[in-house]
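S.K.: Sequence:
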Amino acid sequence: MAELRTLTESAGASVIDSQIQSRDSADAAFLVGAGKVEEIQGLVKGFEIDLVVVDHELSPTQQRNLERKLEVRVIDRTQLILDIFARRARSREGQLQVELAQLQYLLPRLAGHGASMSRLGGGIGTRGPGETKLETDRRRIRTRIANLERSIESVKNTRNTQRRQRLSVPLQTVALAGYTNAGKSTLFNRLTGAGVVADARMFATLDPTVRTLPLPSKRKVLLSDTVGFIRNLPATVVKAFRATLEEVVEASLLLHVVDGSSPTAGAAIEHVSAVLTEIGADETRQIVVWNKMDQPGAAPPPDGALAISAQTGIGLDELLARIDAEVPAGSLRTITLRIPVADGAAIHWVHEHSRILNKRYDDVTCEFQAEIAEALLPRLAPYLQSTL
71 MAELRTLTES AGASVIDSQI QSRDSADAAF LVGAGKVEEI QGLVKGFEID LVVVDHELSP
131 TQQRNLERKL EVRVIDRTQL ILDIFARRAR SREGQLQVEL AQLQYLLPRL AGHGASMSRL
191 GGGIGTRGPG ETKLETDRRR IRTRIANLER SIESVKNTRN TQRRQRLSVP LQTVALAGYT
251 NAGKSTLFNR LTGAGVVADA RMFATLDPTV RTLPLPSKRK VLLSDTVGFI RNLPATVVKA
311 FRATLEEVVE ASLLLHVVDG SSPTAGAAIE HVSAVLTEIG ADETRQIVVW NKMDQPGAAP
371 PPDGALAISA QTGIGLDELL ARIDAEVPAG SLRTITLRIP VADGAAIHWV HEHSRILNKR
431 YDDVTCEFQA EIAEALLPRL APYLQSTL
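If you read the sequence shown in this note's numbering, its first letter stands for residue 71, the second for the next number, and so on.
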């Protein structure tokens, strides 16, 4: 219920009261019992409440019955999360994915929403003989869903092209994953200097961001920040955001960021692991990053986890060293290069992409001994003197 309160406040609402009911089975008509519905009805009228949020997915019938009984708008957890996503999506890709998830959620619940979907077609053939308004709306939504799926497939193809271009330069990808509000974006900004939005709201980051991250060995990797996970992440969201979540699936290493100051950190780890399994990323190597160690009451990290504070920078040197050790290095070669001192761009490139073992300058050339990934050797072919 604390998480539902945070979600509701993240959506911009003020929480007046909360109610819990334990039942052996859900009521088919209202989810909760008739007595609890009357109790909620009294609260709605007494506090002039205009929205009721239910921490359980409602069937179309249950939602419709509750709205008729309470005479206010009723939404469930899935609808609340989709509303937050709609507010936070900034990129075209994110907006397409959110709209698709909303329409897939709305389609089976369309009955009873005729007033809110009352758009009339303006051409011949919009409504056939005997076709109801509801059927027209359903057909319109199905058409829009098909168009969105095609658009998202196009975005996916573009992302695959970008991924292939990245793979042509042999940089491994490290992806941040974790429960929403665990501090992933703060860590991303601290490591890369990017300006990704980072605040205490849930799902502050929806659109994936990729930046280059230099490691202590002078190698570089790509660091990817993605949408946060949550308990019972709606299936429509997972499906709609599959193109985005492919950044996690394709990564060489996952940084599983955990809010170490949260009393529910253990449960959060389980929920994230469940989503990783669902999207096929459970076999990818992981480093558990125990974040927010600067917070009062932060729990000690479990065995194998790295304790850090993305806010203050505590433990980040150890994290970078661990990433350096875990990310596959590929085949490294020790080389000797002789580069004209006038070729400043090539000298700079060597410093950026290799580990310098020795260097010597004279008036004409700069001679390097360096360790570099074998896949990068063609770039240095004009300057190679020897390789080991």
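Keep in mind that a hint or two might mislead.
No more than 16 Å apart at the CA atoms, straight line, and that leaves these computed lysine to aspartate or glutamate pairs for EDC-like [to be verified]:
hint	residue 1	residue 2
1	Lys139	Glu109
2	Lys106	Asp125
3	Lys106	Asp87
4	Lys290	Glu108
5	Lys106	Glu137
6	Lys290	Glu137
7	Lys115	Glu79
8	Lys139	Glu108
9	Lys288	Glu137
10	Lys290	Asp125
FYI, nobody ran anything at the bench for these hints, they're computed from the structure.
Treat the numbers as computed from the prediction; the structure is a model and nothing was measured.
S.K.: Lysine 290 and glutamate 137: Cα distance at most 16 Å?
M.R.: violated (55 Å)
S.K.: Between lysine 139 and glutamate 109, is the straight-line Cα distance small enough, at 16 Å or below?
M.R.: holds (11 Å)
S.K.: Checking one constraint from the list: CA of lysine 290 to CA of glutamate 108, max 16 Å. Satisfied?
M.R.: Roughly 61 Å between the alpha carbons, so the hint for lysine 290 and glutamate 108 is violated.
S.K.: Between lysine 115 and glutamate 79, does the CA-CA distance stay at or below 16 Å?
M.R.: The given pair, whose Cα atoms are some 21 Å apart, is violated under the 16 Å limit.
S.K.: For a C-alpha distance cap of 16 Å, please report whether lysine 290 and aspartate 125 respect it.
M.R.: violated (43 Å)
S.K.: Given the hinted pair lysine 106 and aspartate 87, is their alpha-carbon gap at most 16 Å?
M.R.: Holds, at roughly 14 Å.
S.K.: Is lysine 106 close enough to glutamate 137, meaning Cα to Cα at most 16 Å?
M.R.: Satisfied, since the Cα-Cα distance of roughly 14 Å is no more than 16 Å.
S.K.: Just to be careful, I want the Cα atoms of lysine 106 and aspartate 125 compared with a cutoff of 16 Å; is the pair within it?
M.R.: At roughly 15 Å apart (the allowed maximum being 16 Å), aspartate 125 and lysine 106 satisfy the hint.
S.K.: Just to be careful, I want the Cα atoms of lysine 288 and glutamate 137 compared with a cutoff of 16 Å; is the pair within it?
M.R.: This hinted pair is violated, its Cα atoms lying about 60 Å apart.
S.K.: Given the hint that lysine 139 pairs with glutamate 108, does the C-alpha gap stay at or below 16 Å?
M.R.: holds (9 Å)
Against the hints set out earlier in the document, violations occur for numbers 4, 6, 7, 9, 10.
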